[in-house]
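Just so you know, the protein sequences line up as chains A and B, in that order.
Each number in our numbering corresponds to the 1-based position in the first sequence with 4 added.
Each number in our numbering corresponds to the 1-based position in the second sequence with 8 added.
There may be inaccurate statements among the hints.
Claimed, not checked - What follows is a list of derived Cβ distance ranges for each label pair:
| id | chain 1 | residue 1 | chain 2 | residue 2 | range |
| --- | --- | --- | --- | --- | --- |
| 1 | B | A70 | A | T68 | 55 to 65 Å |
| 2 | B | L67 | A | S154 | 28 to 38 Å |
| 3 | A | E237 | B | E77 | 35 to 45 Å |
| 4 | A | S117 | B | D29 | 17 to 27 Å |
| 5 | A | S117 | B | Q63 | 32 to 42 Å |
| 6 | B | R93 | A | E237 | 28 to 38 Å |
In short, the hints are calculated from the structure, not lab data.
Everything numeric in this text was worked out from a predicted model, so none of it was measured.
Beta carbons are placed, not taken as given, at the ideal position from N, Cα and C, and that holds for glycine.
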Amino acid sequence: LSVADVTLTRGTEQQFDLSIGCLPVSLRVAESALFKSLVSRYARFAVASDVPIPICVNCGMPETDFASEFDYEFEGAKLFASKSGAHFENVRNEYALDTLLRVFLSWALLPRSGFLLHASTVVKNGKAYVFMGKSGAGKSTIASMSPAGSVLTDEISLLRCENDQWRAHGTPFWGEFRAEGSNTSAPVAGIFRLQQAPVNRATRIRPMEMLRVTLPNVLFFSSETRANARLLEVLGAAAEEISAYDLAFRKEPAFWEALPA
Amino acid sequence: MNISSVLWQKNPALAWREVDDDTIIISPNESLMHELNDTGSFLWKNIDGQKSAAQLADLLVAAYEVSPEIALADTESLLQELSSRKLVVEVASSDKESK
Numbered sequence: 005l006s007v008a009d010v011t012l013t014r015g016t017e018q019q020f021d022l023s024i025g026c027l028p029v030s031l032r033v034a035e036s037a038l039f040k041s042l043v044s045r046y047a048r049f050a051v052a053s054d055v056p057i058p059i060c061v062n063c064g065m066p067e068t069d070f071a072s073e074f075d076y077e078f079e080g081a082k083l084f085a086s087k088s089g090a091h092f093e094n095v096r097n098e099y100a101l102d103t104l105l106r107v108f109l110s111w112a113l114l115p116r117s118g119f120l121l122h123a124s125t126v127v128k129n130g131k132a133y134v135f136m137g138k139s140g141a142g143k144s145t146i147a148s149m150s151p152a153g154s155v156l157t158d159e160i161s162l163l164r165c166e167n168d169q170w171r172a173h174g175t176p177f178w179g180e181f182r183a184e185g186s187n188t189s190a191p192v193a194g195i196f197r198l199q200q201a202p203v204n205r206a207t208r209i210r211p212m213e214m215l216r217v218t219l220p221n222v223l224f225f226s227s228e229t230r231a232n233a234r235l236l237e238v239l240g241a242a243a244e245e246i247s248a249y250d251l252a253f254r255k256e257p258a259f260w261e262a263l264p265a
Numbered sequence: 009m010n011i012s013s014v015l016w017q018k019n020p021a022l023a024w025r026e027v028d029d030d031t032i033i034i035s036p037n038e039s040l041m042h043e044l045n046d047t048g049s050f051l052w053k054n055i056d057g058q059k060s061a062a063q064l065a066d067l068l069v070a071a072y073e074v075s076p077e078i079a080l081a082d083t084e085s086l087l088q089e090l091s092s093r094k095l096v097v098e099v100a101s102s103d104k105e106s107k
C-alpha cells in the first residue's frame, strides 16, 4: 500500500509513504539499496496518504523554481525544504537520511504546533509520560523497564498540540534501548526531568523552568529569526499547558508510584 | 553624549517570549539563550526604539516601588548588559530623526 514506483521528471524512482506524528511524507528514492534499507527502517510508520509532503532523495539538485525556505547540511548531505516539499541530496546511507528526516521534521512541525524533543515516552493507562534528561539520566533505562508495546520512543519524542490537546507521538528515531518506536500517540500526562536518586519523588516545576530545561533538548536547526520566534511560541504554549516535574528516581519500576496519575 | 538620552531598540534578529513574568530570549545566530526576571521583562517589553534609559526608568518608577535614582541606575545597568550581549542596539541618528 505504501510502496510504489513513481515516474518523476528525472526518471523512475521508488516511493515510500510514511507518517510521523500525523505528518505524512513521501520519500522518493532513486537507489534501490537505500530504498530497501529505509523501507525496513521505517516499516512501522508506513502509512499511505492522499497528500503527503514529497521528499526527493538524491534526485538531483532542486529546480531553479524550487524556492527553498530552509537549508541544512550534515556531513555533506544537504537538505532544501519548502512548504510544498523537500530535497535531500548527497545522501550516502540510511543514517544520513535519518538525520535529514529529523531535521526536516523539526522544521515542518513548527507551523503544526509541534516539536521534536530529546526524550523517551512511555504510555501508561492511556497517557503519555515524557522523560527528559542529560545523557545517562535514565531515559533509556525507563524505556527498558517498561512493558512491551508501551514505549512510544526511547530517544526522540514528538509533541503536538492538536484540537487544544497536547499529544505525544512515537517516532522511528531510536536510541540506546533500540526501541523501534510505535506509530501511535497519547495525550501527555506530563514532562519529567530525570535525575537518578535513592528515593522516588516528583516535584512540580514552573512553566519558565520547564521552558529553560526543555529548550536545550529540543531538536531545532534553523537560525532564521521567524522560525526561532515560532519555536518559542510553540514551546511557551507547551510550558504553560503541560505539567512538568523534576523526577528523582531509582532504577526500579516502583518509580511509577511517585508519578501523578 | 549622555547615556540616559540614547534611544534603544531590541535587536531585530532575536526571538523572545514571556512566560510567567519572566522573559526568555534566543539569539538564533549564536544559539544562545538569555533570561530576564520580572523587572527586566518589564523594561524589555518597553524597549521599542522610542525610549531612552531615563524614560524607561520613569516607567519603572511608576510600576514598581523604587526611587528614581535606583530605577535609573538599574535601567542603565541592564541596558549596558543587554547591549554587551547584543540584545539591544542604539537607535541610529537617522532613524531617531524620523521618529
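Which earlier hints can't be squared with this structure?
-> 2 and 6
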